[in-house]
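**Q** As a plain string of letters, each chain reads:
Number of protein chains: 2
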Amino acid sequence: MKFASRLDHVETSAIRELFKLLGKPGIISFAGGFPDSAMFDVEGLQEATDKVFQQEPGGALQYGATEGYPALREALSQFMASKGVQVAPDGLIVTTGSQQALDLIGKTLVSDNDTVLVEAPTFLATIQCFRLYGAQVIGVPIDADGVQVDALEALIAERKPQFVYLIPTFGNPSGATLSLERRKRILELAVRTQTVLVEDDPYGDLYFDQPPPPSLLALSADVPGSRELLVYCGSLSKVLSPGLRIGWMIAPPELLAKATMCKQFSDAHTSTFAQATAAQYLRAGRMPATLDRVRAVYAERARTMSQLLQAQLGSAFEFTPPGGGLFVWGQLTGQGPSGAHKLQDASELARRAIDQGVAFVPGAPFYAHNPNPAALRLSFATVGLDKIQEGVGRLAKALLG
Amino acid sequence: MKFASRLDHVETSAIRELFKLLGKPGIISFAGGFPDSAMFDVEGLQEATDKVFQQEPGGALQYGATEGYPALREALSQFMASKGVQVAPDGLIVTTGSQQALDLIGKTLVSDNDTVLVEAPTFLATIQCFRLYGAQVIGVPIDADGVQVDALEALIAERKPQFVYLIPTFGNPSGATLSLERRKRILELAVRTQTVLVEDDPYGDLYFDQPPPPSLLALSADVPGSRELLVYCGSLSKVLSPGLRIGWMIAPPELLAKATMCKQFSDAHTSTFAQATAAQYLRAGRMPATLDRVRAVYAERARTMSQLLQAQLGSAFEFTPPGGGLFVWGQLTGQGPSGAHKLQDASELARRAIDQGVAFVPGAPFYAHNPNPAALRLSFATVGLDKIQEGVGRLAKALLG
Chain A
1 MKFASRLDHV ETSAIRELFK LLGKPGIISF AGGFPDSAMF DVEGLQEATD
51 KVFQQEPGGA LQYGATEGYP ALREALSQFM ASKGVQVAPD GLIVTTGSQQ
101 ALDLIGKTLV SDNDTVLVEA PTFLATIQCF RLYGAQVIGV PIDADGVQVD
151 ALEALIAERK PQFVYLIPTF GNPSGATLSL ERRKRILELA VRTQTVLVED
201 DPYGDLYFDQ PPPPSLLALS ADVPGSRELL VYCGSLSKVL SPGLRIGWMI
251 APPELLAKAT MCKQFSDAHT STFAQATAAQ YLRAGRMPAT LDRVRAVYAE
301 RARTMSQLLQ AQLGSAFEFT PPGGGLFVWG QLTGQGPSGA HKLQDASELA
351 RRAIDQGVAF VPGAPFYAHN PNPAALRLSF ATVGLDKIQE GVGRLAKALL
401 G
Chain B
1 MKFASRLDHV ETSAIRELFK LLGKPGIISF AGGFPDSAMF DVEGLQEATD
51 KVFQQEPGGA LQYGATEGYP ALREALSQFM ASKGVQVAPD GLIVTTGSQQ
101 ALDLIGKTLV SDNDTVLVEA PTFLATIQCF RLYGAQVIGV PIDADGVQVD
151 ALEALIAERK PQFVYLIPTF GNPSGATLSL ERRKRILELA VRTQTVLVED
201 DPYGDLYFDQ PPPPSLLALS ADVPGSRELL VYCGSLSKVL SPGLRIGWMI
251 APPELLAKAT MCKQFSDAHT STFAQATAAQ YLRAGRMPAT LDRVRAVYAE
301 RARTMSQLLQ AQLGSAFEFT PPGGGLFVWG QLTGQGPSGA HKLQDASELA
351 RRAIDQGVAF VPGAPFYAHN PNPAALRLSF ATVGLDKIQE GVGRLAKALL
401 G
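Residue numbers (the numbering used here), protein chains in the order written: chain A, 1 to 401; chain B, 1 to 401.
Treat each hint with caution, since some may be false.
The list treats identical chains as one, so a pair stands whether inside a single copy or across any two.
Here are the simulated DSS-like cross-link-like pairs (lysine-lysine), alpha carbons at most 27 Å apart as the crow flies [unchecked claim]:
| hint | residue 1 | residue 2 |
| --- | --- | --- |
| 1 | Lys-2 | Lys-258 |
| 2 | Lys-2 | Lys-24 |
| 3 | Lys-2 | Lys-184 |
| 4 | Lys-2 | Lys-160 |
| 5 | Lys-397 | Lys-160 |
| 6 | Lys-51 | Lys-342 |
| 7 | Lys-83 | Lys-387 |
| 8 | Lys-258 | Lys-387 |
Keep in mind that the hints were calculated from the coordinates and are not lab data. Predicted model only: the values in this text are computed from it and were never measured.
I would like the entire structure built from these sequences, with the hints used as guidance.
**A** Here it is in structure tokens:
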């Protein structure tokens, strides 16, 4: 069978291979990118589903509009208002997870050999998703304050990208959050260069102590002309339930119309059953309490992991404790506690760690090019405090012997 | 904003424009392609959802494997066995409706300017879906026994298509069913020419009196080498609920693996919540009774519509009464009851029909090229018997005055 030439641009995920090893009994996994199932508000979701069956079974089980179930578009419009963004229900479309929003962005905006700029590192599935549409994906360096604006400006001038894709808040995998000052500069840069910005924001609600700066979309109200260049992707997956597959996309009207047309041929529409359930859930007003609960649990896990990493790995592992999200990101320095030169290859460490009974994801696949082989990602989200302690201990043993 | 060049290949659906008129009060609509919401087994689905929340909330609300929720793959394997097809659970993947299976087939198999052969007429969204991936979509003529095999053979020889897409059973829009003899010839033709066949089978379960011939997939057991060339798309949308968005794809292992990789970047996976609900439903054993009920209702509506069309439109409208599915398809002959020459343009009739308070879909958009302007599609699925009588009366008035 002859396959489409676009498949030549992607490779089987290195992470996928690693995940096969996770079946080993007794492994403590810091490898996932999942929220903790134990955090799901099962009672609230069952109440929502019960209401769907009582009040709207015909609509919720039938075909629906490609743009989304009207009650959910309304509820998401209100949810965005609570996050400082004014958007009418028909200013957003519902997508099958925010992954589908990325797919629709690729489908509507990327022609063969177009350049797309992303953070280095960024969400792995984004790189592959855009490459399938023929994109040349180029990474822009980041630091603890997010993407470096001077480097971004230079690459925009050099490459004239179709768009810039950012996860400005608690990025995956970096955990980094773009500072307020950089957010404003980037919006101004977008207007000056007429560059489309894609803001992917699945983690923004998951802050620990301080709320993060407002989203680029919220800030666009202050930068004339920027809203017309902004595409925002939201998701219920990280705070409510990934299994519903509910994401949404806010974009200028013309792009939203094209994305809707493409979605018609991608999956016709997102499950109306899941959409109606999400709408009932949001309307019931349970989200704020759910968010408080989830934030508190993840914050404690993140603090615990950060403290243990500092105590046990010391100068061998360099990272910034995250202020939100699901991930600790850092790099092996090659320094041991006694100053001895240690392992700097995170892939090799991942193999040794599996032998010790702990898993994590090496950072290299998160780079579109020029990977940092010393980088690695640890998720604290699904692991209880005892297991975090045990797991970091195993990691220290794998690294420092 | 500059959009991707692939969007130049598609146009806003003519049907979409027509659907905007359906909001007119009092319109009787034969235009939809929907099953009847009143047929949904709401009680059975609520029982299924209750079990999901009791037994597997963590799994059903969490991220899942791109290939599908294991319990549903198992249940679909058994469902296919009841239809004469042996397929292991890992021989199929779950898709977000069968529309996504079509999208994945396009994504994995179609490069720019590849030829895809389809029936003329065929499902509108298929044509646009494949064109978005750069396909040249070429129609093959059909008659009441489905696609004409000699014409298909000639076009395969001439165009060397990437694949042939067929809806062999109660086709949309044609209602036609490929005869057993033609099914065997097409399987042999596929082996002889090493051509991939895509069998889209959303309607096969919806037969009225006689079951249709076995699917191409079921028959492939008798034609050595044909199974390796067959892709089968199934759906729960027409018999259980479109709102779940549950379809599936059976294909040779290499294609299934590529489609899975692409799906990872399309929507990560289909709603596990909807998948777990469907799995519980199928396991509860309610499907046979649901199918009996749905078949009986649609059969009566189809018979009623067919009889009324024959009685009231007479020689002005030529069609074969359907043996299953959701549609009557036919063409205006230009003959009036008194022999006078009448309207032969179905689009013009559609406009006049709206004025009379009845809607249907003109057939032209269902052709990849060379549309038959006299053809039209009527759905009886969502309309009660009284309304069918009233609607056909209005149609007769619009056509014959």
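**Q** Decide, hint by hint, whether the structure agrees.
**A** Tested hints:
1. Lys-2 with Lys-258: between (30 Å within a copy, 11 Å between copies)
2. Lys-2 with Lys-24: Neither: 36 Å inside a chain and 49 Å across chains, both beyond 27 Å.
3. Lys-2 with Lys-184: between (48 Å within a copy, 24 Å between copies)
4. Lys-2 with Lys-160: So Lys-2 and Lys-160 pass the 27 Å test across copies only (12 Å; inside, 34 Å).
5. Lys-397 with Lys-160: For Lys-397 and Lys-160, neither the intra-copy (47 Å) nor the inter-copy (60 Å) Cα distance is at most 27 Å.
6. Lys-51 with Lys-342: neither (58 Å within a copy, 52 Å between copies)
7. Lys-83 with Lys-387: neither (34 Å within a copy, 48 Å between copies)
8. Lys-258 with Lys-387: neither (47 Å within a copy, 36 Å between copies)
Comparing the model with each numbered hint stated earlier shows that hints 2, 5, 6, 7 and 8 do not hold.
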